[in-house]
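Peer 1: Chain by chain, the residues run as shown.
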Amino acid sequence: MRAAWLLPAVLTLCAVGLIAVLPTGRLVLTALFADGQFDASLLLSRLARGATQRAIFNTLDTALFGALLALLIGAPFAFLVAATDMPLRRLQGFLLILPLMIAPQVMALAWMHLLGPSSALLGAIGLAPPPGTANPLLGRNGIILLFGVQHAPIVFITLRAGLVLLPRDYVEAARAAGMGPVRVVTGVVLPLLWPYLIAAKALAFVSGVGNFGIPALLGMPENFLTLATLIYQQLSSNGPSVLPQVAGLSLLICLIAIAGIAAQSLALRRVRFALTRGAPMRFSLGPLRWPVAAAGLLLLTAVLILPAAALLATSLVPAYGVPLSLTTLTLDNYVEVLLRQSSTVRAFVNSSYLSLLAAAILAMLAVPLALGLNRLPRRVSRMAHGTLELPYALPGIVLAIACILLFLRPLPVLGSLYATPWIILVAYLMRFAALALKPVEAALDQLAPELGEAAAAAGAGPLRRLLTITAPLAAPAAFAGALLVFMSAFNELTVSALLWSSRNETIGVILFSLEESGLSPQASAVAIVTLLVVVALLAALDRLGRMLPAGVLPWR
Amino acid sequence: MRTLLTAGLMLAATLSPAWAQEGRLVLYTSQPNTDAQQTADAFMAKYPGITVEWVRDGTPKIMAKFRAEAEAGTPLADVLLIADVVTMEGLKAEGLLLNFPEADTTGLDASLYDEDGAYFSTKLITTGIVYNTAATMVPTSWLDLTKPEAKDQLAMPSPLTSGAALIHTVTLTDNLAEGWDYYTALAANGAQASGGNGDVLTAVAGGEKLYGMIVDFLPIREAAKGAPVAFVFPTEGVSAVTEPAAILASAPNADNAKLFIDFLISEEGQQLASSQGYIPARDGIDLPAGYPARADIKLLPYDAAAALANETANKERFGEIFGQ
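From first to last, the protein sequence lines stand for chains A and B.
Just so we're aligned, residue 4 is where the first sequence starts under the numbering used here, counting upward by one.
Just so we're aligned, residue 28 is where the second sequence starts under the numbering used here, counting upward by one.
Bound conformation, chain B alone (with noise of 0.2 angstroms):
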């Protein structure tokens, strides 16, 4: 009898992973709505008894949302998935998030995942510039946005709404010569900094604006659908964030959310990523099209570290150099 039950055990532990397969998952994402349910349908078609609730916002504007849930007492995130790796060490310093070292690394290279497990980077999602195909000058350099040509014409994501804007104001700073005289140069060639990245899209692909800051994909992905626009990466380089995944220490169903983020970074996953437009953070997926090869991406670095210590103070220079 002890054996037969011993058997059956082992046989179930077999077919299914230690942990349970059944409930809930609860998901705060950044990702735009559409890639946010197609990534909870893929998900859910694989594990069918879990069940996906998702919720969309900015970076900055989740991160409020989580925080207030966590004072009242009642957390019901058990995933982030967001723009920045800084928001995520932040968070990490803060003790909020639930390290996951046995997750299944493969084919990531060691830069793309916290060393302990608690994030892991999903995608590399770029930012450079976005122009409506009616405009007269094709920008090249991020320069090109300070010209004559661009005045009144630039469009681009507040840090104080987009995770991803913060870093790309961060690593613009840091590496053109100019540093924040850039910025300057910007807000008084008459650039409006406002919104999300998706609003810079409706701004510029409504004829709005002629240019933009904003991430690649947006831009790639309804270019092929026939909207107006194109994206450009610029010689000097781009900006990249990673859209990492971290479990949270509140999460109500934590073991749910491992399998969730395993899927994130396993190849069924990524090719999801690849397919919905994103650059897959895993080796060895195709990028999708629109995209030069990986090789021929420069991405231009910046100091984490720093970021996460200056971020108030980053966001209050932006703030002032645009008049926020």
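Chain A with its partners taken away, still in its complex shape (with noise of 0.2 angstroms):
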């Protein structure tokens, strides 16, 4: 029986450290020790620079104003879509998590051409700056802007997670005590939202800190530099030399991660009250119903479609500057990217590659693993919950370095895995392992444990209950997991940033580089085309939702 127990724990245990402690310790141990001792000076010498300072203090006020941004525009929409009876709520739903599942590099990309001088959109109602404007988007506004927009899903997830959960009996009694409704928010729903509030504003502060596509775009033109991007300047410009200096840039950047994920769990701590089961509530906005979806559906245009369709505008441009027009019309950047271009081709085949292998191996993963973390002793196992969350929580560019730390020099028996494309592979399969397993420990939860036990009754072994039982009740959302790991791997470029190398491009990684390279229109092709996967893609997951247990899709 203590073996029964043992080995699966032990598996477990494996599987989170191989997953999450190894490359956080391997980075530690390259940033705080030089030669096996215990040496903290060249982190003190990094700080002491003025690059450093600047971008410690341009990442900190990036992330809490983009943060407080997402706050203002996530929160209202959290409220009327899953608290009152506003008509197309789960249409407005949908519409306000596809910034989460939209590559940032593309969001910055299309802003920047929605309203920089050279906008197709705004030049065809003459509302365009004249040439010499510098774009507003460019620098610290540009990016707390579109943090705000990029995070916002966040804030509504977290918000709404806390809003279903709310006891109606609380606002039922405030209303029949007299109390209007909008005292009843003020005064009953928001004090009980509080650790809610707290946690969504911690996480969107974090996913800020870590984001690299949108001040990789709208910052680096411009010399405004967070800790994200100063790490991939210097390591991009100066090669493998710098890493025990980037490595302390990482640490850095790994400690404001953890005070805001350490926020955000202490936050959610404090929730108290009991949950009730039953409708959740629902505020009635009478009269003003119609006028609030509109106002609602003309926010997310404005901040989805009109950015979308200037990016549109310029892919279809033949050079970036030339105003949109019948005349000037070319499908040249598709063909270009699409058809010649070989390494635009290859990254296509790459990024589908990588993702699917990533979803593929973690959706198998999934299920043991859920069934695992669930066996552990309960302090133990929230430990390693903690653990395995690291490295999905901590910038991208942080693993990057850790796999780089950890892959560059030959292993024994792998070789170098440094220059080939296992290396993305596995940095993907330890960044998204907490993406994958999400879904399925909230089916899991919902899972009746009565079945697993009438087959061990009937004498079904661990492996068969597994396999004949819970493997398949739990697959849908396996495999919605797998959709969500699917659809942010192939939209990252944090990641790959730092380890792509000849042959092994991905679309991010190809995005960037056409930008770079001044060919911002066929640039923008590729976005649209990225653009196109992700939204099929969602509707195809949307449509497999119907048949998902209650809690597997964010938006349902």
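A few of these clues could be false.
As the list claims (entries may be wrong) - Pairs of lysine to aspartate or glutamate, EDC-like flavour, derived with a Cα cap of 20 angstroms:
| no. | chain 1 | residue 1 | chain 2 | residue 2 |
| --- | --- | --- | --- | --- |
| 1 | B | K252 | A | E339 |
| 2 | B | K252 | A | D335 |
| 3 | B | K342 | A | E225 |
| 4 | B | K325 | B | D201 |
As the list claims (entries may be wrong) - DEER-style ranges, computed between Cβ atoms:
| no. | chain 1 | residue 1 | chain 2 | residue 2 | range |
| --- | --- | --- | --- | --- | --- |
| 5 | B | G346 | A | P184 | 57 to 67 angstroms |
| 6 | B | D131 | A | Y356 | 39 to 49 angstroms |
| 7 | B | A72 | A | W425 | 31 to 41 angstroms |
| 8 | A | R52 | B | A336 | 18 to 28 angstroms |
| 9 | A | D64 | B | E294 | 55 to 65 angstroms |
| 10 | B | R344 | A | D64 | 23 to 33 angstroms |
| 11 | B | L314 | A | V352 | 35 to 45 angstroms |
| 12 | A | V352 | B | A251 | 31 to 41 angstroms |
| 13 | B | E176 | A | A312 | 31 to 41 angstroms |
| 14 | A | L301 | B | A161 | 26 to 36 angstroms |
| 15 | A | L417 | B | P279 | 12 to 22 angstroms |
| 16 | B | A72 | A | V352 | 15 to 25 angstroms |
| 17 | A | L535 | B | A320 | 46 to 56 angstroms |
| 18 | A | A312 | B | D131 | 45 to 55 angstroms |
To be verified - Here are a few chain A residues that sit away from chain B, every Cβ distance over 10 angstroms (derived from the structure):
| no. | residue |
| --- | --- |
| 19 | G39 |
| 20 | P90 |
| 21 | L94 |
| 22 | L101 |
| 23 | R285 |
| 24 | A459 |
| 25 | L547 |
Calculated from the structure, these hints are not laboratory results.
Glycine included, each C-beta is placed from N, C-alpha and C at the ideal position.
Two independent chains are provided; combine them into the complex using the hints.
Peer 2: Have a look at this one:
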């Protein structure tokens, strides 16, 4: 009996160690130890540099204000979608989730083309800024704006989870005591939601700290560097000789991110109110129903549809700066990136392949891993959980550095993984494990334990129970998790920006490279294609959502 | 039988060059993606048995990638085709380049290739001034960029990202009477130094900046496609890099690499460079449309040995002036 308990536990802990402890540990080792001796002088000398201090300040500044803006956008939507009778709620929820699924670099590119002096859309209505006007999105304010848009879904999801659990009785009691709807919201709902608000803000902050695509496109052209872009610039311009220094910088981002994560879990630990079952509370908007819905849709259109249209416009002109008209319109950029340039075609194949592999492997791992974690003693399980979340919560650039440190020198049996696609795959597996695990855990929680007990009583062994009962029932959730992993990996740039090599480019890398070579229209064409892929996948996932248990898809 | 075999071998030898034509070639280049693909396509059309795979990034970044792979013990690159000779000199001194003295250098001025055959210049890329056609001032001198009209309106590539930009900085500080003070004046005038030449093009063509320091072929080519930009060769003269190509000592496909080098500097390869909008390195090839006669382009000299010795110091000085 003891052995039967021990083996899965050991396997589970091994998996957690490989996925999460190994990279983080390696990073700490390089950053703080030189030749086996504790030596923080390198880190401290980095900290003393003006560029590092500016980057730290910029990181905190943009992430904090970005999170605040995300809260201002996400919170009202969460309330309207989860707790009112606003029409078109599900559509608005779905639209609001989209930025999370769109690559940050695509988002940044789209907004730049929307608001710059050569904006085809603004130009058509005579509102484009005159030539010689700096793009308003470049630099601090643009980064904050896009952090707000990109991370509003995180706030939305977190707050909605809280709103759905809010005891309806409190609200009804307050109404019965004669409180008006506004006072109910400010006096009852808000205080109860407070922990969720803090958690949402902390999560959005952590995402901002780790974001690379947005500050890379909006900050680097102006030398406005955050820690993530500073690390990228140092390493990509100087090569492995600066690895110890950038490991120190990575540790710094780690600490900032961990502070955010700690704030979030502390906040959620304070959630005390009892869970109620039954219908969630609903406020009636009365005659304001349609005007509110229209305002919401208008805002979502401005935030999503307009930038996408600007991106499309740029992808259709022969050279950047040429106004779009029927005579200038061309599909050459699509032909160039989809049919002619071997690197772009290869990048599409690579990204699909790597994302598919990562999704498939993680989907298969998720069920046994979730079960294994469930079996562990409570405290160990919680710690293992927290550890697994690390590679996903920590900035991707940190994980990339850790992977270079782990795999640059040849390993005994495997050889060096650097300069092969496998290093990217390993990084994806580490990064997205938590993403694949979540839906499966949600589904397993709702699984009636009687099924397993009945099978056990009928003499089915643990492996057989796993294969014939648990796995099939958890399969839809595992598939949903796999799709989430696929989309995230397909879109990512942060990890592969440092790990790619010849023949192993990803779409994110190619888009960034095209933009950097001054080929904006081609970069836009690549971006439009990825947008189409993501929207198609999301639609498929939404369809699948009808067959999934509640809580598996974040927007349902 | 033996004579038959010998005859067969001789026949085979006349039909194909001495080295293999099958397999792969990995090119690390700082050319823009479209040009890299065209060069690869033209080479593959000539040698259908060889598949060219290319990787593009700014010269400093592509060198960092190369060094990381060397450290991992998995060298991938065969040929480097990067902005400047200075970087090549450094690599040659480290013994990282493969000498190819047999290369066919017909029509190539002796100053344009290494005497040991370590690297070969493939074109001439000058750095001048680009302006958005909506700009009021048409710059003619480098000093125009320090005028109030250009206040906060100048974009330039950073030597940290672009190899051509580093040579350009060295050249201007060597030749202008103001020396490094010229760059201090630019910084005081709100010039923005970041990214590579592509970023400068995007900023000026998109109207976000009105002026830029930039390599010649980008704006000349985009202007022909209708972009609102024009290129100026300033009166003082322009700096130039020669985009040299070299075979790496660690090249997995050195034989194919030799074919590629010969192709780049052959008449056919040089015609291609000209058709892409570059000034060809080889004599007797016409300059592309949009350029003045070759004799009218005034090239400013620079001290390559000093540039190599002071590379880090120059980058740091530049970084200090522009607060990087």
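Peer 1: May I ask you to check that P90/A keeps its beta-carbon over 10 angstroms from the closest beta-carbon of chain B?
Peer 2: holds, 40 angstroms
Peer 1: Given the hint of 23 to 33 angstroms, check if R344/B and D64/A actually sit that far apart at their C-beta atoms.
Peer 2: holds, 29 angstroms
Peer 1: Does the claim that R285/A lies off the interface hold, with its Cβ farther than 10 angstroms from every Cβ of chain B?
Peer 2: holds, 48 angstroms
Peer 1: Could you grab the alpha-carbon distance between K252/B and E339/A and see if it respects the 20 angstroms cut-off?
Peer 2: Given that 20 angstroms is the threshold and the Cα spacing comes to 15 angstroms, the pair holds.
Peer 1: How does the Cβ-Cβ distance of L314/B and V352/A compare with 35 to 45 angstroms: does it lie in that range?
Peer 2: holds, 39 angstroms
Peer 1: For A72/B and V352/A, compare the CB-CB distance with the range 15 to 25 angstroms and indicate the outcome.
Peer 2: holds, 23 angstroms
Peer 1: Would you assess whether L101/A, listed as outside the interface, keeps its beta-carbon beyond 10 angstroms of every beta-carbon in chain B?
Peer 2: holds, 26 angstroms
Peer 1: For the pair we were handed, K252/B and D335/A, check the Cα-Cα distance against 20 angstroms.
Peer 2: holds, 12 angstroms
Peer 1: Using the beta carbons of L417/A and P279/B, state whether their distance is inside 12 to 22 angstroms or not.
Peer 2: holds, 20 angstroms
Peer 1: Taking the beta carbons of V352/A and A251/B, is their distance inside 31 to 41 angstroms?
Peer 2: Since V352/A and A251/B have Cβ atoms about 33 angstroms apart, the given range 31 to 41 angstroms holds.
Peer 1: Can we trust that L94/A is non-interface, i.e. its beta-carbon lies farther than 10 angstroms from all of chain B?
Peer 2: The assertion about L94/A holds, with a minimum of 34 angstroms to chain B.
Peer 1: So the hint says 39 to 49 angstroms: do the beta-carbon atoms of D131/B and Y356/A match that?
Peer 2: holds, 41 angstroms
Violated hints for the displayed structure: none, as all numbered hints are satisfied.
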